[in-house]
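Can you build the whole structure from these sequences, using the hints too?
Quick note, the sequences are listed as chains A and B, same order. So for the first sequence, my numbering puts the first residue at 1; every next one is plus one. So for the second sequence, my numbering puts the first residue at 1; every next one is plus one.
Rather than coming from a laboratory, the hints here were simulated on the basis of the structure. In this text, a Cβ means the ideal position worked out from N, Cα and C, and glycines have one as well. Any given hint might turn out to be false.
Stated by the list, open to error - If you want the ones that stay clear, here's a sample from chain B, every Cβ over 12 Å from chain A, calculated:
#1 2
#2 83
#3 111
#4 125
#5 177
#6 178
#7 194
#8 196
Claimed, not checked - Here are the in silico distance ranges between beta carbons for each label pair:
#9 A:283 - B:25: 50 to 58 Å
#10 A:167 - B:59: 45 to 53 Å
#11 A:112 - B:14: 50 to 58 Å
#12 B:61 - A:287: 54 to 62 Å
#13 A:253 - B:27: 30 to 38 Å
#14 A:52 - B:160: 42 to 50 Å
#15 B:26 - A:176: 30 to 38 Å
#16 B:3 - A:174: 46 to 54 Å
#17 B:127 - A:167: 54 to 62 Å
#18 A:253 - B:15: 31 to 39 Å
#19 A:60 - B:59: 53 to 61 Å
#20 B:131 - A:58: 30 to 38 Å
#21 A:176 - B:15: 26 to 34 Å
#22 A:206 - B:27: 19 to 27 Å
What the hints assert, rightly or not - To spell it out: a stretch of chain A is covered by chain B in this simulated footprint if at least three of its residues, at any positions, have a beta carbon under 8 Å from a beta carbon of chain B; those stretches are:
#23 64 to 71
#24 137 to 150
#25 176 to 182
#26 272 to 284
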Amino acid sequence: MRPSDVTPKSVYLRRREFLKLGAGSALALSLPAFARAKVEHGPKLAGVTLNPAFALPEEKKNSFEDITTYNNFYELGTDKSDPSENAAKLQTRPWTLSVEGEVGKPRKWDIEEILKAFPVEERVYRLRCVEAWSMVIPWDGFPLADFLKKHEPTSRAKYVAFETVVQPQMPGVKGFAGIPFPYLEGLRIDEATHPLALLAVGLYGETLPNQDGAPIRLVVPWKYGFKSAKSLVRIRLQETQPPTTWSQYASGEYGFYANVNPEVDHPRWTQSRERRIGELLRRKTLMFNGYPEVASLYAGMDLRKFY
Amino acid sequence: MKKALVPAAFAACCLPLLWLGLQLVLGGLGANPVEALLDDLGYTAFVLLALTLACTPAQILLGWNWPLRIRKLLGDFCFFYASLHLLTYSVLDQGFDFGAIATDVLKHKFIFLGMATWLLLLPLAVTSTQGWQRRLGFRRWKRLHRVVYLAGGLASFHFLLRFKTPRLETIAWMGTIAALLLIRAIDAARKRARVVESP
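Shown next as structure tokens:
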């Protein structure tokens, strides 16, 4: 018996077509598995203009997709893709941000009141993660200094403590994330009132996506990303240095200051270089993440000791 | 059926490579593809190392002999993926900067553990052939290949240190490796006891 006895010649001649069809449909079927979670664009923020003093024209901004699918937000899961996949698990309305402690005018703000009270501008900042990757992000927000001033800090307000939301339906808070919740962060008052420190409510001119810390988050661009606490529910001014989550978890690996510093390595990896998301080879990390104007805040301090 | 075992195992061991290659081409590795590639190659090598270490315990506990027939294949593929992992680190992650790599290995125990694991696997992969088994003599060959237990231990700690906080999954894998080694240790102790008992 010859092969031609089994397969008619007309079909045999179309064998390549058949193979292509098979390969093509296999590819098409598997494509959805490759795609990243599609991120919904939020509503446009009204009246946002770029502040030319913080335009950072020399840097190429990361794409909306990069900024919204590669996140650290342990309350929504520990993998980089978890926060975008579980974003709907964070409920951002109603939302109260409470300002308390050493202030003349403590206040519980509704998020809508904040959005009305503070004019929002766009600033392009570098973000350097302690894990040695970085991005360039156009944040929409207002200076933390302006916000704090409204509450009339007292002379005893030496530090500012920040607290991130905990909602029972957030998958990370139930599971085994390794760190305790709520997530706590802190700044010295002079750091908090530095003109670079920002409260962000959006990015790329749109309402902040949940995985990026909606509805309101801290952005401190000269420090490692974990200092920029997300989804804030409490800001407390106080006389003593507040405990912060990562420095309590592993004080040898993460300090209170956590200034970007290429000279001081993380015990497990180098901080002298970083991978800019979207680039292949690593680039040199800049002192204070390329914001030398903050250096005076640390005059006389040994930054190897106060890492 | 019996004849199909080795080719089937070979094909299965190729799947992670095909999957990663396809994802790389289609841009499915996300915002940080180098990191994803490093993680996935390292994870594949680790799982294959665990499978290699599971062959003898499967015989001890379940009386299965067929895993022993693919043990060499699993071990070779483990080394293959571990080498791709190291190559990704050296070329794509570190840009062939040997000074930076040397500093990284010596200064950071996470990297040191990974490099040490690969260096331990290297002589095992080279001598995994029957020719080398004959050349070394079975006893010496067997003693040399016990190094794989140490490699399993070091790889576990390398995996654990990969994440900022220990992950349940990693701890479960460490437990698996420890259990596989324990089964052998208990079995070896029993055999020794039997040898002592018998006149």
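Taking the earlier hints as the rules, which of them does this structure contradict? 3, 9, 20, 24
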